[in-house]
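Use these hints to put chain B onto chain A, whose structure you have.
The listed protein sequences derive, respectively, from chains A and B. If you read the first sequence in our numbering, its first letter stands for residue 1, the second for the next number, and so on. If you read the second sequence in our numbering, its first letter stands for residue 1, the second for the next number, and so on.
No lab work stands behind these hints: they were computed from the structure. There's no promise every hint is true.
Claimed, not checked - Derived coverage of chain A by chain B (criterion: at least 3 residues anywhere in the stretch with Cβ under 8 Å from a Cβ of chain B; other residues may be distant):
1. 52-63
2. 148-157
3. 169-178
Remember, predicted model here, so these are calculated numbers, not experimental data. Note that the Cβ used here is the ideal one computed from N, Cα and C, for glycine as well.
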Amino acid sequence: MDYVYSIVILIGLFVILASSFNLIIGYGGLISIAHPIFYGLGAYTSALLARDLGLPVPLSILAGVLFAMLLSVAMALPALRISGDYLLIASIGFQLGMIELIKNLRFTGGASGVSGIPAFVVPTFGRGLYVALVVGVALAVVLLVRWIAHSDYGRAISAMRDDEQAFAALGRDAKWIKVSIFALGSAIAGLAGALYAHYFRFVTSEQFEILMSSTILTMVVVGGLKTPWGPVLGAILLQVLPQAITFLNLPPVILGPLQGLLFTGLVLIFMFLRPGGLVRADDTWRATRHGGG
Amino acid sequence: MLEIEGLSKRFGGIVVADNIDLVLRPARILGLIGPNGAGKTSLFNLISGIYPPNGGTVVLDGKALDGLALHERARRGLARTWQHVRLFPSLSVIDNLIIGARHYPAESLVTLLFGPGRIRSAAKAARAKAHDILQRIGLPHAAEKSVGDLPYGQQKLVGVARALMNDARCLLLDEPMAGVEGQAYEAMQMIVREVAASGVAVCVVEHNVAFIRDLCDEAVFMFQGRILARGSIAELIANPELTELYFGH
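Here chain A stands alone, though its shape is the one from the complex (with noise of 0.2 Å):
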């Protein structure tokens, strides 16, 4: 049972991934790799706090998605005075910086991790409720990118990032829909990371690298860009694709690459047979009933 938990938890947390990634670079229009280091940032900010200061584990969680939000809007300001060209070189610096910081830090375990991070919830409630908060966490964060994309905010974002220059011309400044946008995913990011910490109590900077990043990107594209659903389709269905296999019982040699190539060709068959995703985005923007005026 415990393995399903995990597997649930983990589908869970790469919903949240791929929604808040939707965010920037499908609904955003914002190209980035840094994803997974803000995951990262997240999950050894809320970590290192309640295991190393005895900081609450709901407050450091908390600390670990203003952390990632506040480095994200660093990452992110310089980059986007200029264009959204400087954000993809300034994401790859960041992430592979950060990175090697992480793994060269003492406090930080190196490249040994941080083991032995307070546990939440599970002790008291057990694991069928951290499921469900995570489940619950993933639904509200699904729940939320849909209601900005169609909200008189996502109208915005649509517009600026059809025309640029002519939404600027119209008054509306594209600089700071463009950081808030990123800050956001950035943090909702790092909310996932700590809810990955304090479920598996142990994280290692390997887990955030770079590669990440077209796990998540392929799991958006494979679902749907700019659509709230699509995402989670793609997470589902890349997370448990890769599990199912293993009940293959195919010899270790053969199920590693097989693992790999799996990727690359749902990627390849979604590029030439549907290319929209699973879920295809509406042309047109629209707003919500309740979402926009």
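Just chain B, lined up with the frame of chain A:
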């Protein structure tokens, strides 16, 4: 009133604006004519803040716009349209207009999260105004359509309508008549006249001489980044030197 003094811009050896002095007066329509490459659109780009000038000042209603970004100038009351329309293809016609509203508090994520009431009332006002403008330009039926589904002439009208949402004090129209004919032509003339009559300073870059002649109070002729002549459109057309520069014969 928009006052331009000594505005200059060079791209390497190419001069697109050479010490330009120009005044756009409230309730007046100024036509900006000249051959392709004369620097007309570049002048709009300098005024609206897309290009930083090498020299000169732009003053709107007594306040200098120098150093302000594109969106800050728009907030000060400067609106413009584009030669190639540049509507937002992912938005419907009405949403293209709403996004141009002078007060659009939903631009802030913080306001969205913590001030939804403010956003709702502003969005309601913007929607009502957008419908009103669409009615005036004869496109009330097009409100919910995708902009890509409209004929090009109507897209041009929507572009002007979007610029009007800003309650601007100065309106720069870049070739509003290119590709526009029939009812859209008449609607465009009517709306530009109405806007000017409401006290807005209007400047029109246009190759359609008939449109400029029918609409503008005065005109300036630009060539190689310089203003060569000013006067009524009749006076400018009557000048054989300008005609030769414009038409090449």
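Inset, instruction - If any of the earlier hints don't hold here, list their numbers in rising order. - result: 1
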